[in-house]
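Each of the two chains sits in its own frame; use the hints to bring them together as a complex.
For reference, the chains in residue letters:
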Amino acid sequence: MTPATQRPVWLIGLPFFLCLLSPSVFAHGVDANTERFLLANQGVAIGPFLYIGAMHMVTGYDHLLFLIGVIFFLFRTRDVLIYVSLFTLGHSLTLLFGVLNNMAVNPFLIDAIIGLSIVYKGFDNLGGFRRLFGFQPNTKIAVMIFGLFHGFGLATKLQGFSLPQAELWKNLLAFNVGVELGQFIVLLYILIALDFWRRHKSFYSFSTATNTLLMTGGLILFGYQITGYLING
Amino acid sequence: MNNISPPIQSLKSLIIATSFAMLLAAIILISAVLPAEYGIDPTGLGKMMGLTALSAQSKATSQMLAITSPVLPPHATEVSGQDQKQATNQSTGSTETATKEQLPQWQDSVKIMVPAGEGLEYKFHLVKGASLEYSWATDGAQLYFDFHGEPKGDKTGYFKSFKESTDNQANGTLTAPFEGPHGWYWENKTRSPITIILNTKGSYRILGLM
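One line per chain: the protein sequences are W and E, in this order. Residue 1 is where the first sequence starts when you use my numbering, and the numbers rise one by one after that. Residue 1 is where the second sequence starts when you use my numbering, and the numbers rise one by one after that.
Looking at chain E on its own, in the form it has when it is part of the complex (with noise of 0.2 angstroms):
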């Protein structure tokens, strides 16, 4: 085969092929990339086209199976079979520290069903500066989660990001750093419904599953 050399340009075309590359990947990362892939839509034309509907915080697509009783101390976990078994390891473990930390004083404790290969948030709402002190565990399998906190009234899509791991637990104290939701994204990636209860404490309006 022959081996044929590739044409060099004039310099004038190398500046016009070169300008026109940048001007026109200017333009489709301004108005379409940036605006659908994080939200940053600067000319507002990514919100006309509602490209913005598509970055990352859409993503959290809410799904719930059940949520019950709002208030639900460790011990009265239901269900049967595995979960009974470990339903009742936690309550142990639960109950045993409740002498030493804050466990009664919990103000609210939710029972959150995850969907087999679903993800869902659970928000409260915290001024600035307030606290909210969590722990949650799941029947024993872990989750894919991200801890964080959006802005008031913010439609850039922007978070702020406090935790985010794998994991079948998580307990701490949380001081927002500004007034908005707060609170967990949760990803099931097994194939099989995951519970998770989850015990909450501080100043704060509970703004449930979104």
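The following block holds chain W by itself, in its conformation from the complex (with noise of 0.2 angstroms):
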């Protein structure tokens, strides 16, 4: 159903929605303010919340690199917003889902996981899959995959600061909030400075070298969190 020349921009928009769950922020380094104030709150506390949600997107490195690779060939709004909800629908549902029931998945593998798809969306962006395999793996599925797996990390982590039980969902759903909130302003950012870009001829010149430079970049995080999953994990 998909027509042949659609199909890299499917692929191209799911790592995207990986990325943009990105732990990186809670996964290494709630910063002590922050630490602090997850350990001390006792109460639903939504502004907070939003807060802690949308600067976890805006900070995360990972989450920036693989917006980049993402919205790299994506050249139309319409698909930008359908990946985006994809994996915001994808990391909700494990968020909500793990802090609810309590249930752990090892930041460490998730962090790696997310390193492997910022990888991936390098090769895929060098046209990767479609010279080697012949095919595009469905993008779509992909972003929302990645958005479970990111949701389960994130639902660790927010576990380790053991949150008040009552009205725990008001908090949760206030941070998801934030998440978006900080997605769409990271997004707006990364937008222009594309748009700015490809409209010179360096844009085409350059992006062999950056999309190989965004894989390069997912095997440093991913040989980062797998070493640290061997010794702590």
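A couple of the hints might just be wrong.
Unchecked claim - To give an idea of the interface, some chain W residues facing chain E are shown, with a C-beta separation under 10 angstroms as derived from the structure:
1) V119
2) L126
3) L219
4) F222
5) Y224
6) T227
7) I231
8) N232
If you are wondering where the hints come from, they were derived from the structure by calculation, not from laboratory data. From a predicted model like this one, the values you see are computed outputs, not experimental measurements. Ideal Cβ positions, reconstructed from N, Cα and C, are used throughout, including at glycine.
This is the structure in structure tokens:
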């Protein structure tokens, strides 16, 4: 049902969502103030949780790398919106489900998967899947799956702070909405920058180099997190 | 807007791009990320650049405000107001158990104050197989703690964690799995100082605050 010319677009969108949820902030260093707040907080705190969610999206470098990869060849606003929504859906499901049911997944493994998603996106942007395997993986499904993984990662981290159980869902919802806001803000910046770059020939001359560096970044994150898993996991 | 398909690279440039990415990632990981994050430094470059100092071990910034009389029976705790009350409760509790347990037999008792928002370490040197019996409690507030040991002479920043949690007290007995410094990293995440009273017994040498 998807015309051949559109497939690359779907593919590109997939990793984008994964990155959006990047848990880097929560995974290995909620900053000291946030940590103190989370540990001390005893009730519904919509504002702070909104902010923490948004900051989480804005400051996660893995998140940013993934976003750049996903949007790199995504020229239509509609496609951007579709992929972001799918990712959000996946992430929200597992975040809410995970925290409310006390399910935990090792954050190192989750972050390693996020790293791989960046590699995947860079490789995809080079046309690697079509060249090597002659087909384009369904990017929408992939984005959704990455979203689910990411939600579990966040859920694990949030549980470490033994959040108050009373009306927990309100805080989680606020956190989720904050993630959306942060995502939106980051998207704006990246889209503006990319749109500007696309007007210049250098965008096309450097697209291969850019995506190669994306893969490099993803591999570094992967190695970093897997080592953490082996040592501390 | 146009929907432009990404260019499909030739097999050759795909291989070049992927190999380059892997090579560069490996170089950066081995020379910088692993030494700085985990103290794993196969090339020695991390140490040369001072990156290993960033790894987990050194984050336990040792700071203390006060360490008072090394031998401090619980009932001798001074302070005032609310603390007084808690201290009294605590000493009452301790006294009750004294007859049943080995409280009077503690070799050492130390009072450690962890400043608000900071962390510190208190260590004992143990030889392999030596035992350390311990019991510590705060004046009520909870602390994050990591009870761990480091092999003697180890430079990689490796440490083995025996117990890591957030609580206002803990007790037990440790049999050292290797020779080296063993002890606690306590972190006070609250906005006011927390006082810990640590009682110990066993064959060890006190290294104290680090």
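Interface hint for W:F222, Cβ within 10 angstroms of any Cβ on chain E: Result: holds, 8 angstroms to nearest chain E Cβ.
Chain E contact restraint for W:Y224 - C-beta distance below 10 angstroms: holds (5 angstroms)
Hinted contact W:L126 with chain E - closest CB pair below 10 angstroms: Nearest chain E Cβ about 5 angstroms off; hint holds.
Status of the hint placing W:N232 at chain E (closest C-beta pair under 10 angstroms): Since chain E brings a Cβ to about 9 angstroms from W:N232, closer than 10 angstroms, the hint holds.
Hint status (Cβ of W:I231 to nearest Cβ of chain E, threshold 10 angstroms): Given a least distance of 6 angstroms, the restraint on W:I231 holds.
Agreement of hint W:T227 with chain E interface, Cβ distance less than 10 angstroms: Since the shortest Cβ distance to chain E is 6 angstroms, the answer is holds.
Status of the hint placing W:L219 at chain E (closest C-beta pair under 10 angstroms): Given a least distance of 3 angstroms, the restraint on W:L219 holds.
Supplied contact hint for W:V119, tested at 10 angstroms Cβ to chain E: With a minimum Cβ separation of about 8 angstroms from chain E (threshold 10 angstroms), the hint on W:V119 holds.
Every hint, counting from the list given before, is met by this structure.
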